[in-house]
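Construct the entire structure; sequences and hints are all you get.
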Amino acid sequence: MTALPKHTPEIMHEHDPNASLLAAYVAGNVHSAAALTRAVMPMIYALAMRMLGEQAAAEDVTQDAMLRLWRHAPKWKYGRAKISTWLYRVAFNLCTDRLRARRDFIPADAVAEIVSDDPSAAEALQAQVRAAALRDGIVQLLERQAQAVALRHLSNLTNPEIAEIMECKVEAVESLITRGKRQLAAMLAPQKDALGFMDD
Amino acid sequence: MTDKSRSKPLDALQLDSLFEAASNVEIAPTEAFLARLTEDAVEVHNGL
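As they're listed, the protein sequences go chains V and D. Residue numbers for the first sequence follow our numbering, so the first one is 46 and each next one is one higher. Residue numbers for the second sequence follow our numbering, so the first one is -11 and each next one is one higher.
These are calculated hints, taken from the structure and not from any lab test. Check each hint, because a few of them may be wrong.
[What the hints assert, rightly or not] Computed from the model, here is a short list of chain V residues facing chain D with C-beta under 10 angstroms:
1) Val75
2) Gln100
3) Met111
4) Val174
5) Leu199
[To be verified] Taking lysine to any residue pairs in the SDA-like style, the calculated list, with each CA pair at most 20 angstroms apart, reads:
6) Lys(-4)/D - Met243/V
7) Lys120/V - Asp28/D
8) Lys(-4)/D - Lys120/V
9) Lys237/V - Pro(-3)/D
10) Lys(-4)/D - Gln228/V
11) Lys120/V - Glu31/D
12) Lys120/V - Val32/D
13) Lys(-4)/D - Gln185/V
14) Lys(-4)/D - Phe242/V
15) Lys(-4)/D - Leu144/V
16) Lys(-4)/D - Asp181/V
17) Lys(-4)/D - Ala234/V
18) Lys237/V - Asp4/D
19) Lys120/V - Pro(-3)/D
20) Lys237/V - Leu1/D
21) Lys(-4)/D - Ala231/V
22) Lys(-4)/D - Met232/V
23) Lys237/V - Asp28/D
[To be verified] Pair ranges (Cβ atoms, derived):
24) Val30/D - Met243/V: 51 to 57 angstroms
25) Asp(-1)/D - Ser129/V: 32 to 38 angstroms
26) Ile15/D - Asp238/V: 17 to 23 angstroms
27) His117/V - Arg24/D: 16 to 22 angstroms
28) Val30/D - Ala231/V: 16 to 22 angstroms
29) Lys214/V - Leu36/D: 19 to 25 angstroms
30) Leu36/D - Thr223/V: 29 to 35 angstroms
Beta carbons are placed, not taken as given, at the ideal position from N, Cα and C, and that holds for glycine.
Below, the structure written as structure tokens:
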């Protein structure tokens, strides 16, 4: 294993075990790149899959985020943001850029037409409609609301973890999530029929 | 369904079902994808 570069002493990596791997990568140890990828890529990929709903797009976003990490590696400020925190920010922004460009849309009639033929297919399609509507709604939120809601409910991060990523207080995260979900609930109300929801 | 009921915001359970639908996806990256990312890392390093 290649020694760590002199400008990145071990003490600076105590708060982020992945930082040592990044430092080793910069020093020329390509094996550390594979280890770092295994450590951080799945969480980025999971966020992208849940935000984008398709494998190819999720892989593109994950690959782009990791490329940005490798390119940024020589300038990495050790002892500051965790690598995972930095990657979450990058991946979220890449996902929202893609969602804004594509805007999901599955016609409600598609579900109704298939219901009588194949109930399980209708159920699967209904889930697609709901996921698409949610994605479409999230990108229409204010950016920080969208980020807080996605990290909480799609990445299942805790509020303190989200606060670290968003560089704000936990109370602010709670407020962003509450307001974001309230906005989503109102925004998607006109689509209740298409989403398969019945009012009392 | 009336216009009034249609405009009523989604309730918490309905909203949760949307998050559940979006979260219910296969999220196992393949070994081939992992290898591709590692190749990227090597290429970038060689170009640094």
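Pairwise hint evaluation, Asp28/D against Lys120/V, where the allowed Cα distance is 20 angstroms at most: 18 angstroms, holds
Lys120/V and Glu31/D were given as a pair; does the straight-line alpha-carbon distance stay at or below 20 angstroms? 17 angstroms, holds
State, for the Cβ atoms of Leu36/D and Thr223/V, whether the hinted interval 29 to 35 angstroms holds or is violated. Taking Cβ atoms as reference, Leu36/D and Thr223/V lie about 44 angstroms apart, which means the hint is violated.
Does the hinted range 32 to 38 angstroms hold for Asp(-1)/D and Ser129/V at CB? 34 angstroms, holds
Between Lys(-4)/D and Ala234/V, is the straight-line Cα distance small enough, at 20 angstroms or below? Measuring from Cα to Cα gives roughly 6 angstroms; hence the hint holds.
Can you let me know if the beta-carbon spacing of Val30/D and Met243/V is within 51 to 57 angstroms? 55 angstroms, holds
Does the Cβ pair Ile15/D, Asp238/V satisfy 17 to 23 angstroms? Violated: the Cβ-Cβ distance is about 30 angstroms, outside 17 to 23 angstroms.
When the nearest CB of chain D is found for Val174/V, is that gap smaller than 10 angstroms? 8 angstroms, holds
Measure nothing beyond the straight line between the CA atoms of Lys(-4)/D and Leu144/V; if it is 20 angstroms or shorter, mark the hint as holding. 26 angstroms, violated
Would you check the hint for Lys120/V and Pro(-3)/D, treating anything up to 20 angstroms between C-alpha atoms as holding? 47 angstroms, violated
Regarding the pair Lys(-4)/D and Ala231/V, is the alpha-carbon distance no greater than 20 angstroms? At roughly 7 angstroms apart (the allowed maximum being 20 angstroms), Ala231/V and Lys(-4)/D satisfy the hint.
Lys(-4)/D and Asp181/V: Cα distance at most 20 angstroms? Since the Cα atoms of Lys(-4)/D and Asp181/V sit roughly 19 angstroms apart, the hinted pair holds (cutoff 20 angstroms).
Hints 8, 15, 19, 23, 26, 28, 29 and 30, counting from the list given before, are not met by this structure.
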